[in-house]
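Enquirer: The primary structure of each chain is shown beneath.
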Amino acid sequence: MSAHRAPTGGRIDRSKTIAFTVDGKAYAGHPGDTLASALLANGVTLMGRSFKYHRPRGLLGAGDEEPNALFTVLGPGAVREPNIQATRIEIFDGLQVESQNRFPSLSFDVGAINRLAGKLFSAGFYYKTFFGPEWIKGTRVWHVFEWFIRRAAGLGSASAARDPARYERMNAFCDVLVVGAGKAGLAAARDAAEAGKRVILCDSEPPSPAATAEFAAHANVECLPRTTVWGHYDDMTFAAVERVADHLADPPAHLPRHRHWVIRTKEIVVATGAVERPLVFPGNDAPGVMLASAALRYAAEFAVRPGARIVVFANNDTAYAAAAGLAALGSTIAAIVDVRPNPPEAARALAARAGAELIVASAVVSTAGGKALSGVAIAEIGPDGAPGANRRTLSCDCLAMSGGWTPQIQLAAQQGAKPRWDERLHAFHAPDLPSGWSMAGSAAGDFDLDEGLSAYPAPVFEIKAKGKAFVDFQHDVTADDVRLAHCEGYVNVEHMKRYTTLGMATDQGRTANLAGLAIMAEARGLTPPEVGTTRSRPPLVPVSLGAITAERKDDLKPWRLTPMHDWHLENGATMYNAGLWSRPMIYGAPGETIEQAYVREAAAVRSGVGIVDVSTLGKIAVQGPDAPEFLDRVYTNLFSTLAVGKARYGLMLREDGIAYDDGTTWRLGDNDFLMTTTTANAGKVMQQLEYYLDCVWPDLRVILTSVTDEWAGAAVGGPKARDVLAACVSGAKVDDAHLPFMGIVKGEIAGAPVLICRLSFSGELAYEVYSGAGHAAHVWEALMAAGKPFAITPYGLEALGTLRIEKGHVTGAEIDGRTTARDLGLDWMLSKKKSFVGSAMMDREGLFHPDRLRLVGLVSLDDRAINGGSHVVDSLDGEKATQSLGHVTAACFSPALGRYIALALVKNGRERLGQRAFITDPLRGRAGPVEIVHPVFVDPEGKRMHG
Amino acid sequence: MREYSAFALLKNALTGNTGWKEAWRKPELKASYDVIIVGGGGHGLSTAYYLAKEHGVRNIAVVEKGWIGSGNIGRNTTMIRSNYLHPQNQHFYEHSLTLWENLSQELNFNVMFSQRGVMNLAVGPAQLDDFARRGNAMRLAGIDAELLSREQVAKVIPGMDVSASARFPIYGGLMQWRGGTARHDAVAWGYARAADRLGVDIIENAEVTGFLKDGDTITGVVTKRGEIRAKKTAVVVAGSTGQVMKLAGIDRLPIESHVLQAFVTEAVKPFIHTVAAFGGGHLYFTQSDKGSLVFGGDIDGYNTWAQRGNLPVVEDVMSEFVALFPGLARVRLLRSWGGLMDMSMDGSPIIAKGPLPGMYLNTGWCYGGFKAVPASGWTFAWTIAKDEPHAFNRHFTLDRFRRGLIIDEKGQGSTPRLH
Amino acid sequence: MRITCPHCGRRDVAEFTYQGDANRLRPDPASTDQAAWNAYVYDRVNTRGPHREFWQHSGGCRAHLAVERDTATHAILSVSYARDSDTARAGRRP
Amino acid sequence: MVEIASPLGTAFKPGRHGKPDGAPGVIVCERKPATIVQVAAFSGRETAVREALVKAAGLKLNGKPGAGVVNGSRAGFGVAPGRWLIADDKEGLAGSFAKAIAHEDGAVTRLTHGRSVFRIEGPRAEWVLAKLFAVDFSPEAFPVGDAVSTTHHDVFAAIQRVGENAFDLYVFRSFARSFFETLVRAGEEVGCEVKA
Ligand SMILES: Cc1cc2nc3c(=O)[nH]c(=O)nc-3n(C[C@H](O)[C@H](O)[C@H](O)COP(=O)(O)OP(=O)(O)OC[C@H]3O[C@@H](n4cnc5c(N)ncnc54)[C@H](O)[C@@H]3O)c2cc1C
Ligand SMILES: NC(=O)c1ccc[n+]([C@@H]2O[C@H](COP(=O)([O-])OP(=O)(O)OC[C@H]3O[C@@H](n4cnc5c(N)ncnc54)[C@H](O)[C@@H]3O)[C@@H](O)[C@H]2O)c1
Ligand SMILES: Cc1cc2nc3c(=O)[nH]c(=O)nc-3n(C[C@H](O)[C@H](O)[C@H](O)COP(=O)(O)O)c2cc1C
Ligand SMILES: [Zn+2]
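Protein chains in written order, with my numbering: chain A, 1 to 947; chain B, 1 to 419; chain C, 1 to 94; chain D, 1 to 196.
Hints in this document: simulated from the structure, not taken from any laboratory.
Incorrect hints may appear among the rest.
[Said to hold, decoys possible] With a straight-line cut-off of 25 angstroms between C-alpha atoms, the simulated SDA-like cross-links for lysine to any residue are: (1) Lys52/A - Ser5/B; (2) Lys907/A - Ser5/B; (3) Lys269/B - Ala78/A; (4) Lys13/D - Ala253/A; (5) Lys99/D - Leu668/A; (6) Lys646/A - His809/A; (7) Lys90/D - Glu30/D.
All of these numbers come straight from a predicted model, not from anything done at the bench.
With these hints in hand, go ahead and build the complete structure from the sequences.
Expert: Structural data, given as structure tokens:
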């Protein structure tokens, strides 16, 4: 046992010893210890450095309120977890932590030099300097200073090493959520459990034996230890984080490190307790000065004496109980210094029980000692907190202070309602609570204290002695900073916060906010409720990004795979992400470049036959007697006239007249259509159609079903395409008479039913072969086998793109949400016989303007590639002088033409056909002459696909 | 000597920091002004400043519902850039950027505009081409832009996953080095102080609850602190536009109010020195001079007037961030908040005279109006002073929708949740 | 936020897609009244308070719902199938 | 007849995953119904369609939203207003529905290939599913036979409780492989047995 650890008592297990290191130095503790208690037991008082002045700091608190003792937890591997409160780290064998914000070491920190310039670094000082004189233009001066500021910024450092841990989510539903398993929370949980309700009981602390024992038998109570409820969202949805494995030396791989709980409840009981407030006086941040309740917790829960000789400094009775408790646990209480002239009898009795000298109407006005406390100076004070002349010093190694209690109401205030002021507690209560909410225990201001004692403090927040008196410990905000904000007009509490950064540190001002606003209130001559509090926001305690990411860590989005996916991989495809889909880009032969591969693939289609996986196209079953009418309304062209067994190309507009999507729709029966959409827009189009059916035309008898995944497709195209099909299709004839252009037949390939439509994206004689997705790989292989004699070539997206560019077919790059049918040369598809979605607005002046960008083709005249995203210009006159006429939407090497070509959207492009222009791509340093041509490069009469 | 300087700091430090003046006065309102500006956000304050400075109009009241900077100027992720695609936007935002570049000196207030670069990360060759289209358009308009390779991107942001095995591998990025961030609150305070010194009355806690009218003509406003009259009343209340305009009898506008959430982590030693946006989802991020990672994503996607968001977007944003920075799963979220955005139907702003006589309207900033603060105030001041738009804002009219002259950067049409 | 789908019960907002202001009536398809179309496509009431709007239960039964929701508090005041709403009814054949 | 191929491919890894000791918390397998078919009614014709469906399939579906039944090798449940999904271990149901449902009442859509079905069963099935879906899986809220339509982020799923501790998950086939991996991973905490 160390000198600081009592031989008995506390929640620790003395039978086992745990070894851990801080900055490489070895320490020992026991199961049940936090890093804070274990270090205290080892006599360590210096646990951190403050943000701005690098002042030495020790423990202030024992729980979530701790602002000072922040460490970086190391490992596994190179992983680092910065800014973790020592009070929240349960030690385990092999734990390694590192102190922060110091150089070269915690005990000798050169940054502490900032203290010397303390007055210069007053609130908001950086707004007033660092930007240079007016005659130095630009931001250069600031950049120089900022470089140094950023070097000094930050607390701990993060690591780039991939966190190997897993994180998970849990969706929970209950009748009553109880937050906090203190006395009040336990009682609330008990009541709810006995009423037969489904209860979830969360507490930030490790499992308490009391809760565990009590609720072991209740199947309707779920106890979640190490779980902090951090967010309140609409409709009684709460977010909580469970630290599942942080306390384990060797967590098994199947356990998540953190679990993100999303709890929907009917009722909530907030029993989160109250936090004690520090008093604001010079030197109140010295290591060894801590909250009285924290001092007591260390002694009672961990059997660690926070000091051998303790001075208690208070403005209320509760600290007397703490003093008595500390004395009973083996500390000497040198004195109780109370700002009040007349503490009540019950308190005096406790002082006597503690063996403490009682010094009333007095206050601590300074502290002595560097990295550990050696004594305090006290003086008599007046009712306004101003100290008188009468001074004495007391030697002590711990100062336990209590400035009153602040109920923990943040959860109830997160939705933005205004908290209510309690004149006696000098603190805020939860706002008026909506139904389903209740506050319990000290969170409700209900302190269950011994007879004659009260938690109501004297309204003294600050002792106005000379020296740096801290309000916000982590951010080094002093009482003078608050007054400076006042002097400069930053008097609104939110201005004060932002100007001084009070309450913006990792503890969000849990212990600091009230004193800060009280000091501002005094400066303004207002009461604290008139000044008001700053807004609470989630999360209530810092939460790992990993926890909230949950199962999406390492798995951001699911993959969508076509049935032929494995075949593509086995056959050398380079895959490409298209939204969530994975699609073959090329099937490169060894040594081939991408361009060589797609040129080979595309050329094979033009000269022989190719096959491409088109399973990703959106497919929507449109069924019902009103399906033809519905299609007439959503497409620009007519579908009611389409014969059964035929397909038609369709174009959709948005309501504002802009082109939306295109695709073919197949009429499979009188009431039965199969619509296809582009891969990218499948979801959006489906949603749009559903919207019209539900919200605009509810009496149309139409059923829409996504069948994208039901049907897989292979497009077989090229002069030999028909031969391939003829070789493998049974049950249907595929010759021109039976299967004309845009015709559909049903048949079988290798025993699997297929639906074949003769349509062409490549401009060749081509067929889309659809089969049930579960048969599709089988059908694909059969097509490959049948195509073998014709040297069938699988092709990927690059070749697909090349073929469509050669044909001047538009897709997403051209239908980009800004172009009209006219811009794209699709005006022929705008029916004049009917109105359709978009018809009313497509003729607005802005959509008709001659300067609009219109689709054209480009041919490179210098035989070099044209980059996508290049612009088209009239003349090449350096980079700046030229005006953009438009831009390239898609480009490729055309095997059919033997030239580099592109599609482009060019101002008044249709008037420029045959003209010369230039493409320019200053970003990639490419410019060159082009000819503007009609966008259909290959077979404009369509002989090949009709062939 | 100018009020704020290193010398002044030193002098005041020696005298106990008691010599500083109020950054802006707390005046009582007068019965009438030449111009009333409704809304003490970035745009309102900069409008007042440029009216006073450029156009000599000094008798101005800025009336603000709460405290200045309580709106979006005080809660945005502070990204500044002019990397727009459409010329109508390019010229305007580039003008803004040039004003930003000398703003601290001009206002004698360090707004900490830090030109650390703004980058759009492309997740595929098609997206890279799309960014190239934008970058080339910028270059042709005389704006700086660079296309970075994957390797260059990795150098700019160490620790980011640019591997080919990522779910959405990064192919490169469009970088505007002159873009960056500024200290949001300082912008509000700096403009307020500079306007105040030119005589502008900044009146806080004066919510406008009605308009004074003579027939159709707006002749002033009713505020919680009294009535004020003016020949010209400018409404520049960002997310609150719908509500304020209803007070003037304008019931419907091409504007929806949506919430955008933003996030900061605990401070860690700075390692991200640039601003970046991830094209594989809806994420943009930077690291502040304090060390906090500051980031945001998509809007929540529904009409709202509550300045707070919901959990699904929080989860989405964290997921994308952790996907890009797998080492940051152990860094912790410190605070999240929301701001109300005035989402216009094409994603571009409105800075125009009207819609009623005596009234001027500035709105439609969506999630991108912080960077516009200088140019918005500058052009709006011009429009108010001269009763006609400047070339920079002449396209930002209210009637462009009816006329089909939409400026749609995203190509998503009139669905704000997709912008 | 949670919305009670008449078919699926109370579900998280993540399962729904906002489909916009339900106060707008689509003009008669044959109408060429540009002001009416402009109002339909671009103008919004953008109410602070009870607001009629469409949501699709896109991550559930996919029905569109007519929801009345307080945009200041996010309280859901009523939910019904969109096809039964006034707006949709106006689109039915006479 | 050509067999319907599993979408799982390399993602199918039979055996024990995760927690190595004790009985598995969940057992996961792919079910391969020979028929999955959707029956949908036009607005106002829901009852007529449901009655025709009950007759043709022999499944006693009541009109309650989300209600369903499991009857040996055949299961059916409501997925949306006026929409039901029926799965059968035999082929042929779609044809009989097409005959039974009048064109004026509704439509029949085959989805046998488009949906993949996974069964998860075991004492921790509710716990594991609750990780992925924001649905109350407690037996009071979700009795045997009932079904829900929901999503795990981008993956749409219809889930039917087919037993006290057993659920069938219908997901879009293109997502099946990814989703299956997610499901097994979610099961690892409690020990997950993947069976053929
Ligand atoms: C989370 C978030 C992130 C953002 N990120 C960026 C970014 O990275 N880059 C970028 O360029 N932009 C960003 N923006 C957008 C940018 O913040 C806004 O577009 C811009 O601040 C809006 O202009 P403003 O500053 O004038 O608005 P505000 O600051 O909102 O000003 C409007 C003012 O009007 C006041 N007001 C309202 N009603 C009344 C009334 N009745 N009477 C009197 N006063 C009234 C309000 O109180 C408010 O102060 C972001 C916005 C948000 C919310
Ligand atoms: N020293 C004193 O004199 C003093 C002061 C205050 C309270 N008390 C005593 O404490 C008792 C009050 O009990 P109580 O239950 O109100 O408070 P409590 O402090 O005993 O319990 C609150 C519990 O809530 C947990 N908690 C807080 N925020 C949480 C969150 N967001 N998520 C999960 N858990 C969270 C805490 O870990 C803690 O265990 C009374 O008996 C009172 O006398 C004594
Ligand atoms: C760029 C930026 C950085 C911020 N950094 C912090 C921070 O370090 N600590 C903090 O508590 N809040 C920080 N905030 C959030 C503010 O505290 C506050 O939440 C935000 O300005 C919105 O105001 P509200 O929450 O009072 O509504 C930051 C905000 C912004 C815009
Ligand atoms: Zn539903």
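Enquirer: The structure should be examined with respect to each hint, and the outcome stated for every one.
Expert: Taking the hints in turn, this is what the structure says about them:
no., hint, result
1, Lys52/A - Ser5/B, "holds (21 angstroms)"
2, Lys907/A - Ser5/B, "violated (52 angstroms)"
3, Lys269/B - Ala78/A, "holds (16 angstroms)"
4, Lys13/D - Ala253/A, "holds (18 angstroms)"
5, Lys99/D - Leu668/A, "holds (17 angstroms)"
6, Lys646/A - His809/A, "holds (21 angstroms)"
7, Lys90/D - Glu30/D, "holds (16 angstroms)"
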